[in-house]
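Just so you know, the protein sequences line up as chains A and B, in that order.
Using this note's numbering, read the first sequence as starting at 1 and increasing by one per residue.
Using this note's numbering, read the second sequence as starting at 1 and increasing by one per residue.
Among the hints, erroneous ones may be present.
Stated by the list, open to error - Quick list of simulated restraints, FRET-style, between CB atoms:
(1) B:Pro41 x A:Glu72: 27 to 33 Å
(2) B:Ala19 x A:Ser296: 33 to 39 Å
(3) A:Thr130 x B:Ala19: 53 to 59 Å
(4) B:Glu69 x A:Glu72: 24 to 30 Å
To be verified - A short list of chain B residues far from chain A (calculated; beta carbon distances all over 12 Å):
(5) Thr12
(6) Asp17
(7) Gly18
(8) Thr20
(9) Arg36
(10) Gln61
(11) Glu62
(12) Phe64
(13) Thr66
(14) Glu80
(15) Glu86
(16) Arg99
(17) Asp100
(18) Thr107
As the list claims (entries may be wrong) - Stretch-level coverage of chain A by chain B, calculated; a stretch enters the list once three of its residues show a Cβ under 8 Å from a Cβ in chain B:
(19) 308 to 317
(20) 331 to 338
Don't read these hints as lab results, they were simulated from the structure.
No experiment lies behind these values; they were computed from the predicted model shown.
Ideal Cβ placement from N, Cα and C applies to all residues, glycine included.
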Amino acid sequence: MHSPETTRHETGNGTAAPVVIVGAGHSGVAVAAGLRSRGWEGGVMLIDAENEVPYERPPLSKELLKDGAPDESAVLRKERFYADKGIGRLAGITAESIDRNSRTVLLSDGTGQAYHRLVIATGSRARPLTLPGAGLPGVRCLRTRDDALELKRLLVAGARVAIIGAGYIGLEVAAAAAARGCDVTVLEFQDRVMSRVTSAPVSRYFEQLHGRHGVRFVFGAAVTSIDGGQRAERVTVADGTVFPADVVLAGIGVLPNQELAADAGLECRDGILVDGDGRTSDSAVYASGDVTRFTSPVDGASQRLECIQNAQAQADRVAAHITGQAAAEPEIPWFWTVQHGVRLQTAGVRQPEDEAIVRGEPSGGKFSVVYLRDGRLAAVDTIANLADFRTAKRLIAQGARIDPVLAADPGIPLAEATSSTPNHSDADLAAARS
Amino acid sequence: MSNTSMSSNTLTVVDRDGATHDLEWEPDQSMMEALRDNDLPVLASCGGTASCATCHVFVEQEVFDTLEERSEDELELLVEAEGYRECGSRLSCQVAFSRDLNGVTVTLAPEG
Numbered sequence: 001m002h003s004p005e006t007t008r009h010e011t012g013n014g015t016a017a018p019v020v021i022v023g024a025g026h027s028g029v030a031v032a033a034g035l036r037s038r039g040w041e042g043g044v045m046l047i048d049a050e051n052e053v054p055y056e057r058p059p060l061s062k063e064l065l066k067d068g069a070p071d072e073s074a075v076l077r078k079e080r081f082y083a084d085k086g087i088g089r090l091a092g093i094t095a096e097s098i099d100r101n102s103r104t105v106l107l108s109d110g111t112g113q114a115y116h117r118l119v120i121a122t123g124s125r126a127r128p129l130t131l132p133g134a135g136l137p138g139v140r141c142l143r144t145r146d147d148a149l150e151l152k153r154l155l156v157a158g159a160r161v162a163i164i165g166a167g168y169i170g171l172e173v174a175a176a177a178a179a180r181g182c183d184v185t186v187l188e189f190q191d192r193v194m195s196r197v198t199s200a201p202v203s204r205y206f207e208q209l210h211g212r213h214g215v216r217f218v219f220g221a222a223v224t225s226i227d228g229g230q231r232a233e234r235v236t237v238a239d240g241t242v243f244p245a246d247v248v249l250a251g252i253g254v255l256p257n258q259e260l261a262a263d264a265g266l267e268c269r270d271g272i273l274v275d276g277d278g279r280t281s282d283s284a285v286y287a288s289g290d291v292t293r294f295t296s297p298v299d300g301a302s303q304r305l306e307c308i309q310n311a312q313a314q315a316d317r318v319a320a321h322i323t324g325q326a327a328a329e330p331e332i333p334w335f336w337t338v339q340h341g342v343r344l345q346t347a348g349v350r351q352p353e354d355e356a357i358v359r360g361e362p363s364g365g366k367f368s369v370v371y372l373r374d375g376r377l378a379a380v381d382t383i384a385n386l387a388d389f390r391t392a393k394r395l396i397a398q399g400a401r402i403d404p405v406l407a408a409d410p411g412i413p414l415a416e417a418t419s420s421t422p423n424h425s426d427a428d429l430a431a432a433r434s
Numbered sequence: 001m002s003n004t005s006m007s008s009n010t011l012t013v014v015d016r017d018g019a020t021h022d023l024e025w026e027p028d029q030s031m032m033e034a035l036r037d038n039d040l041p042v043l044a045s046c047g048g049t050a051s052c053a054t055c056h057v058f059v060e061q062e063v064f065d066t067l068e069e070r071s072e073d074e075l076e077l078l079v080e081a082e083g084y085r086e087c088g089s090r091l092s093c094q095v096a097f098s099r100d101l102n103g104v105t106v107t108l109a110p111e112g
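Construct the entire structure; sequences and hints are all you get.
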C-alpha cells in the first residue's frame with residue numbers, strides 16, 4: 001500500500017489510538033454508541049463514506065417514497081449526539097486499505113488513521129444488473145438516500161415502471177410507485193413473490209394485495225436486456241416479450257462490501273467471517289452487520305443476515321468484547337416490510353423445509369404463518385398481527401415445542417399452543433397440515 | 001454531557017435494577033430517544049416505528065391518562081409484552097416531547 005503522508009494518532013482524550021469504525025450505517029453507529037454506553041473512555045472514530053448525518057435505511061423504500069413526504073430520512077442519532085459522546089466523524093471519506101502491521105487505515109483523502117481496534121461495518125450494496133443496457137439512464141437501484149431521492153423524482157404519475165425482482169425492495173417500490181400513479185410491472189424469475197423469505201400462502205396474499213392496487217406480475221421472467229436510445233425505454237425477457245418502461249428498478253439482492261477486508265487478507269466467503277464476538281481472522285479487527293458471515297447460534301448454519309436486529313446485536317457483541325464486558329442476549333432475528341400499508345413482520349429465519357401452519361384467514365387481512373422445525377417453533381410471518389409476532393419471538397428464543405393442531409386455531413393464543421410432547425393422533429395432524 | 005437547554009424537560013427514569021436517573025429530555029427527542037441517548041438500556045431495535053416493543057415503559061396512571069391513545073400496532077405489541085399494564089404501558093418511541101411531561105417519572109419494563 002501507499003504510505004500515508006500523515007497519520008492521525010491523536011484521539012482527543014487519550015494517548016492510544018482510537019477504535020476506528022469504517023461505515024456509519026446502523027451497525028457502525030451502534031458500535032460507536034455501544035462503546036460509550038459501556039464506558040469506553042478511549043477515542044472512537046467513525047469513517048463515513050456519505051457526507052451527511054448517519055440515517056435510517058428502512059424508510060428509504062417506504063415512507064420517503066410517499067407522495068408529499070419530506071426528502072429526509074430519520075437520522076440514527078441526532079447530530080449533536082456524536083459531539084456530546086466524543087465520537088469523531090470523518091464524513092465523505094472512504095477507507096481505501098488497511099495496513100494491519102502498523103494498524104493503520106489509509107483514507108481517500110491520502111491520510112492514514114491509526115487504530116487500536118478496527119471495526120468494519122461497511123454493509124452491503126445493491127447487486128448490480130449485468131445485462132445489456134443495465135447502464136442506461138433510468139435504470140436504478142435503491143440503497144442510499146440519494147438513490148431514494150432520485151427514484152422518487154422518476155416515479156411520476158403515468159410513468160411506466162418495470163421492477164426486476166419481487167423481493168422486499170422491489171415490492172416496497174412497486175407499492176410506492178403504484179400509489180404515485182405509476183403503471184407498474186414486476187418481473188420475477190421465480191414463480192411467486194418473496195420466495196426466498198416466505199411461504200406460498202404469504203406470497204399469494206401479497207401478490208393479490210398488489211394486484212388490487214394495479215400492480216402486474218410476470219413470473220418465470222428472465223430479463224435478457226434493457227434497450228433504449230438516450231435512456232431506458234423497454235425491457236425484454238427470455239421468451240421475447242417486451243415491456244415498455246420509463247424507469248427500471250433492479251431489486252435483485254445485495255452483495256457484502258467485503259473488499260476492504262478481503263484485500264487486507266482477512267478471511268471472507270460471501271461476507272467477512274466473524275466469530276461470536278464479531279472478531280475477524282485478525283484479533284484486532286472486528287466486523288459487524290450486513291457485511292459479516294457467521295455461524296448461527298440457533299442452528300449452527302453459516303449465515304449472512306440483512307437486518308437491523310443483526311446489525312444491532314453484532315454491534316453490541318463487538319462493543320462488549322472491546323470493553324471486556326458481557327454482551328446482551330441477542331434478540332431473535334426479525335424483519336419487516338410494509339406494502340400498501342400492510343405490515344409483514346417476521347421473526348426467525350424460515351427454511352424451505354419447515355412445516356408451515358396458517359393461523360387465521362388470509363382473506364381477512366390479518367393472519368400468521370408459523371414455521372415448525374422438528375416440532376419446535378423456528379419462525380413466524382405475521383400479517384397485521386403483531387400479537388403473534390411478539391409471542392412467537394419469545395417462543396422461538398425458548399425453543400418451544402408447538403402443537404400444530406392448536407397453532408392452526410387463531411382463536412387460541414400462540415402461547416397456549418405449546419406442547420411438551422406431541423400428543424395428537426396422526427389424523428389430527430394430517431387435518432391441521434392440510 | 002448534553003447542552004443544557006432552557007426548553008428541555010426533566011425526565012426521571014427508574015431502571016430495571018430500581019436505580020433512579022434524572023435525564024434531560026430535549027424537545028426534538030421522542031421519549032425513547034431521550035432514554036437511549038442517555039445510555040439507558042433501551043434497545044429500540046426498530047428505530048422508533050412501533051414494531052418491536054423493546055422500548056416498553058410504565059407511566060404513572062395520571063400521566064398515562066393525558067397521553068394520546070395507543071395505536072393498534074402499539075397496543076398489540078404491548079399486550080403481549082412482559083408485565084403489560086392496561087393503564088400504564090407505553091412504547092416510549094410513541095411518546096412525543098411535550099411541555100406537560102416535564103418532571104414525570106417512567107419505569108423501564110422488564111425485557112422479554
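Hint-by-hint comparison with the structure:
1. The beta-carbon spacing between proline 41 (chain B) and glutamate 72 (chain A), approximately 29 Å, falls within the hinted interval of 27 to 33 Å.
2. Distance hint check: the CB atoms of alanine 19 (chain B) and serine 296 (chain A) are about 35 Å apart, consistent with the given range 33 to 39 Å.
3. The given range of 53 to 59 Å is respected by threonine 130 (chain A) and alanine 19 (chain B), whose C-beta atoms sit roughly 56 Å from each other.
4. Under the hint 24 to 30 Å, the C-beta atoms of glutamate 69 (chain B) and glutamate 72 (chain A), about 27 Å apart, fit the expected range.
5. The claim that threonine 12 (chain B) is not at the interface with chain A holds, since no C-beta of that chain comes within 12 Å of its own (minimum 19 Å).
6. Every C-beta of chain A lies more than 12 Å from that of aspartate 17 (chain B), the closest at about 15 Å, which supports listing it as non-interface.
7. Look at glycine 18 (chain B): its CB is around 19 Å from the nearest CB on chain A, clear of 12 Å, so calling it non-interface holds up.
8. Interface exclusion of threonine 20 (chain B) from chain A stands, the closest Cβ pair being 18 Å apart, more than 12 Å.
9. For arginine 36 (chain B), the condition that its CB be more than 12 Å from all CB atoms of chain A is violated, with the nearest at approximately 8 Å.
10. Even its closest Cβ contact with chain A, about 23 Å, leaves glutamine 61 (chain B) beyond 12 Å, as expected for a residue assigned away from the interface.
11. At roughly 27 Å from the closest C-beta of chain A, the C-beta of glutamate 62 (chain B) stays outside 12 Å, upholding its exclusion from the interface.
12. Every CB of chain A is more than 12 Å from the CB of phenylalanine 64 (chain B) (nearest about 20 Å), matching its label as outside the interface.
13. The non-interface label for threonine 66 (chain B) is consistent with chain A: the shortest C-beta to C-beta separation is roughly 25 Å, beyond 12 Å.
14. Distance check on glutamate 80 (chain B): its Cβ comes as close as 4 Å (rounded) to a Cβ of chain A, failing to clear the 12 Å threshold; non-interface status is violated.
15. The claim that glutamate 86 (chain B) lies off the interface holds: its Cβ sits roughly 15 Å from the closest Cβ of chain A, which is beyond the 12 Å cut-off.
16. No Cβ of chain A comes within 12 Å of the Cβ of arginine 99 (chain B); the nearest lies about 19 Å off, and the non-interface call holds.
17. Every beta carbon of chain A lies more than 12 Å from that of aspartate 100 (chain B), the smallest distance being close to 22 Å; the non-interface claim holds.
18. Chain A leaves threonine 107 (chain B) outside its interface by the beta-carbon criterion, the shortest separation being 19 Å against a cut-off of 12 Å.
19. With 3 residues having a Cβ less than 8 Å from any Cβ of chain B, the segment 308 to 317 of chain A passes the three-residue criterion, so the hint holds.
20. Proximity of the segment 331 to 338 of chain A to chain B, defined as three or more residues with a beta carbon under 8 Å from a beta carbon of that chain, is established by the 3 residues found.
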